[in-house]
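First to last, the sequence lines map onto chains A and B.
The working numbering applies: residue 34 is where the first sequence begins, and numbers increase by one.
The working numbering applies: residue 339 is where the second sequence begins, and numbers increase by one.
Rather than coming from a laboratory, the hints here were simulated on the basis of the structure.
Since no wrong hints were added, every one of them can be taken at face value.
Pairwise CB distance ranges, derived in the manner of DEER restraints:
hint, chain 1, residue 1, chain 2, residue 2, range
1, A, Asn267, B, Glu607, 32 to 42 Å
2, A, Trp436, B, Thr571, 10 to 20 Å
3, A, Pro269, B, Glu585, 11 to 21 Å
4, A, Glu404, B, Glu607, 42 to 52 Å
Yeah, the Cβ is synthetic: ideal placement off N, Cα and C, and Gly gets one too.
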Amino acid sequence: MPEQEPADRVRNFLEVPLGYGAEQAILEAKRCIQCKKPSCVSGCPVDVDIPGFIKKITEGDFLGAARRIKETNGLPAVCGRVCPQEIQCEQVCILGKKGDPVAVGRLERFVADYERSAGPVDIPECAAPTGKRVAIAGAGPAGLTAAGDLVKLGHEVTIFEGLHKAGGVLVYGIPEFRLPKAIVDAEVQYLAKTGVKIVTSAVIGRLKTVDDLFAEGYDAVFLGVGAGAPVFMNIPGENLGGIYSANEYLTRSNLMKAYLFPEYDTPIARGKNVAVIGGGNVAMDSVRTALRLGAENAYIIYRRSRAEMPARAEEIHHAEEEGVQFRYLTTPVAYEGNEDGWVTGMRCLRMELGEPDDSGRRRPVPVEGSEYVIPVDMVVVAVGTTANPVIPATTPGLRTNRWGYITTVNEETGETSRPGVYAGGDIVTGSATVILAMGAGKKAARAIHEFLSK
Amino acid sequence: MDRILEKEELSESVWKMVLEAPEIARKRKAGQFIVLMTHDKGERIPLTMVDSDGDRGTVTIIFQVVGKTTRCLSEMNVGDSLFSILGPLGHATEIENFGTTLCVGGGVGIGVVYPISRALKEKGNRVISIIGARTKDLLILEEEMKATSDVLYVATDDGSYGIPGFVTSVLKNVLDSDEKVSRIFAIGPVPMMRALCNVTRPYGVKTIVSLNPIMVDATGMCGACRVNVGGKTKLGCVDGPEFDGHEVDFDLLMKRLRMYCDEEEKAMENYRCGCCDGR
Numbered sequence: 034m035p036e037q038e039p040a041d042r043v044r045n046f047l048e049v050p051l052g053y054g055a056e057q058a059i060l061e062a063k064r065c066i067q068c069k070k071p072s073c074v075s076g077c078p079v080d081v082d083i084p085g086f087i088k089k090i091t092e093g094d095f096l097g098a099a100r101r102i103k104e105t106n107g108l109p110a111v112c113g114r115v116c117p118q119e120i121q122c123e124q125v126c127i128l129g130k131k132g133d134p135v136a137v138g139r140l141e142r143f144v145a146d147y148e149r150s151a152g153p154v155d156i157p158e159c160a161a162p163t164g165k166r167v168a169i170a171g172a173g174p175a176g177l178t179a180a181g182d183l184v185k186l187g188h189e190v191t192i193f194e195g196l197h198k199a200g201g202v203l204v205y206g207i208p209e210f211r212l213p214k215a216i217v218d219a220e221v222q223y224l225a226k227t228g229v230k231i232v233t234s235a236v237i238g239r240l241k242t243v244d245d246l247f248a249e250g251y252d253a254v255f256l257g258v259g260a261g262a263p264v265f266m267n268i269p270g271e272n273l274g275g276i277y278s279a280n281e282y283l284t285r286s287n288l289m290k291a292y293l294f295p296e297y298d299t300p301i302a303r304g305k306n307v308a309v310i311g312g313g314n315v316a317m318d319s320v321r322t323a324l325r326l327g328a329e330n331a332y333i334i335y336r337r338s339r340a341e342m343p344a345r346a347e348e349i350h351h352a353e354e355e356g357v358q359f360r361y362l363t364t365p366v367a368y369e370g371n372e373d374g375w376v377t378g379m380r381c382l383r384m385e386l387g388e389p390d391d392s393g394r395r396r397p398v399p400v401e402g403s404e405y406v407i408p409v410d411m412v413v414v415a416v417g418t419t420a421n422p423v424i425p426a427t428t429p430g431l432r433t434n435r436w437g438y439i440t441t442v443n444e445e446t447g448e449t450s451r452p453g454v455y456a457g458g459d460i461v462t463g464s465a466t467v468i469l470a471m472g473a474g475k476k477a478a479r480a481i482h483e484f485l486s487k
Numbered sequence: 339m340d341r342i343l344e345k346e347e348l349s350e351s352v353w354k355m356v357l358e359a360p361e362i363a364r365k366r367k368a369g370q371f372i373v374l375m376t377h378d379k380g381e382r383i384p385l386t387m388v389d390s391d392g393d394r395g396t397v398t399i400i401f402q403v404v405g406k407t408t409r410c411l412s413e414m415n416v417g418d419s420l421f422s423i424l425g426p427l428g429h430a431t432e433i434e435n436f437g438t439t440l441c442v443g444g445g446v447g448i449g450v451v452y453p454i455s456r457a458l459k460e461k462g463n464r465v466i467s468i469i470g471a472r473t474k475d476l477l478i479l480e481e482e483m484k485a486t487s488d489v490l491y492v493a494t495d496d497g498s499y500g501i502p503g504f505v506t507s508v509l510k511n512v513l514d515s516d517e518k519v520s521r522i523f524a525i526g527p528v529p530m531m532r533a534l535c536n537v538t539r540p541y542g543v544k545t546i547v548s549l550n551p552i553m554v555d556a557t558g559m560c561g562a563c564r565v566n567v568g569g570k571t572k573l574g575c576v577d578g579p580e581f582d583g584h585e586v587d588f589d590l591l592m593k594r595l596r597m598y599c600d601e602e603e604k605a606m607e608n609y610r611c612g613c614c615d616g617r
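Can you make the complete structure from the sequences, with help from the hints?
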């Protein structure tokens with residue numbers, strides 16, 4: 034797939050891959066051998082009929098292909114860009130055994146973009162109104178997916194979003210160069226056209242509690258609020274100026290458009306020597322944002338080795354191409370600052386890999402006496418997120434586990450300990466992917482429909 | 339929704355606005371705040387609610403023009419709509435019958451301490467209040483504070499009105515008197531709150547301060563507002579905004595508040611008109 038050249042793209046926020054043209058898409062689609070028992074479908078958390086939509090592409094029926102995907106996936110333009118296909122559909126593609134698997138993600142992206150540019154998108158027909166009302170907390174991937182499925186089944190759906198814009202991690206977390214916000218806006222508008230009501234700047238647990246929602250006449254509630262709380266490492270100097278959580282750094286840049294300051298009012302630090310701690314997609318998004326904001330040295334500081342990094346292969350590849358410096362087997366232990374309280378250096382330890390831990394990855398062990406300092410003027414801590422306690426704290430009887438994530442009594446349905454209350458996505462599983470949250474939203478929608486049909 | 343219903347200049351560059359926000363008004367308790375955006379390219383700024391009226395569906399804010407967003411807000415007019423209002427946020431003030439309480443407000447901080455004094459009064463406390471400003475013209479809410487306080491002291495730095503000098507010296511006199519003060523609420527500029535806490539510490543009277551760190555989402559998501567309280571990192575937005583002032587690291591707070599000084603200046607340079615056209 035053609036891409037912007039690394040030397041060009043590190044100076045702009047435009048999308049990196051340029052996408053297939055029609056000819057390329059048809060060529061790629063023809064590689065699919067249309068397996069009788071396609072394992073790719075079972076590799077998809079939302080059961081997209083992959084051979085089905087690819088067949089449509091080979092026939093040149095791109096709109097038909099888009100419709101086929103949308104039967105089970107409401108956000109194809111998003112998923113085509115941000116799904117970790119290499120551990121899902123593409124991993125199990127039969128062609129992958131001997132060569133490259135079919136580029137399912139790129140094809141999905143192509144048809145979704147084609148449909149969007151082809152004019153008004155078809156609005157699916159909804160079932161007759163059931164008279165039942167569902168409230169959804171959180172307009173991220175889980176909530177948007179659940180809303181899309183429930184509204185089609187004839188229920189009246191209202192999403193309550195805490196931020197001033199719908200999209201959740203798709204708008205505050207994932208940068209423009211990886212997921213253009215116009216795409217998210219289009220997906221949200223599509224949902225609104227199907228009849229979903231979206232209320233922004235409404236934090237469930239503050240403006241209204243879950244009990245308030247039932248009192249207002251909602252028949253069921255879905256909680257898809259994500260794992261929104263930042264995790265810090267609790268090491269000395271971590272509150273110095275210039276040290277951000279990834280949530281803050283990315284929210285400033287993506288949601289508040291601080292990269293366009295002063296056209297937009299929200300400021301953001303533009304570090305010259307930037308260290309990003311972590312090895313996931315969020316760390317890659319942060320470090321690549323820092324490069325685009327003028328960093329001369331942008332480091333990924335990761336305590337294990339390249340093989341253990343959880344980021345999507347494509348993100349790591351893009352970061353490497355763009356000149357990110359990877360410091361593997363390294364962990365920060367303290368920060369140094371100047372008299373203004375701004376960070377000037379990061380004291381690090383080298384690590385070596387020991388025995389495998391609970392996650393099956395080899396545990397990093399510090400090498401004694403290996404401490405050294407990396408000069409930095411900005412740091413992004415991207416070591417994960419955790420549950421925001423506001424809903425559990427204001428919802429009596431809603432059980433959580435010891436980390437504060439909402440416990441579901443049935444994983445397949447998202448039912449919680451409170452009747453009529455369902456949950457899915459990161460607030461149940463902890464930080465995971467867009468597509469897994471969408472899968473959870475889908476399952477919960479099915480279960481809520483059954484609950485409301487009783 | 340989100341319309342400005344009333345606007346009044348309380349003193350130079352200090353404004354009071356009544357905003358239409360029915361659902362927030364119904365839930366709001368003393369000490370809580372809102373986050374607002376004036377326009378779609380704006381910043382999210384936190385402002386403590388001074389008052390609310392559940393029946394009328396309004397919340398009241400008082401703010402001082404200190405940067406681009408507050409200036410933009412001050413230039414909006416009755417009938418204009420804000421881009422967004424989010425709330426109520428933060429923990430409400432812990433209000434009990436403590437006995438005798440002391441409410442200290444400095445500058446625009448008087449607007450934050452006023453609803454607390456009123457809630458304390460309604461709970462049956464004896465309320466002694468001290469309000470101060472740099473000069474007479476900058477003093478706000480004197481009448482309102484008089485109504486919620488059993489005793490009200492007024493001080494100005496330049497001696498143009500009331501007791502000459504800082505609120506801290508008045509505070510010390512009250513603590514040295516026969517009054518048995520069991521809790522203090524002190525809200526104002528950070529240096530004032532720090533000085534105040536240093537005065538009250540030897541007396542061992544719990545002193546609650548309301549902090550105003552920089553925030554972005556203000557719902558516990560970003561950590562911009564982290565403060566050090568008792569050696570632990572807390573989030574101003576969800577753990578606060580009120581904390582035990584004797585445990586707050588004010589030095590860190592001041593440094594973190596200055597993080598974007600250069601950008602704030604730049605934003606003001608680029609400032610052109612009101613925000614009627616979104617700029």
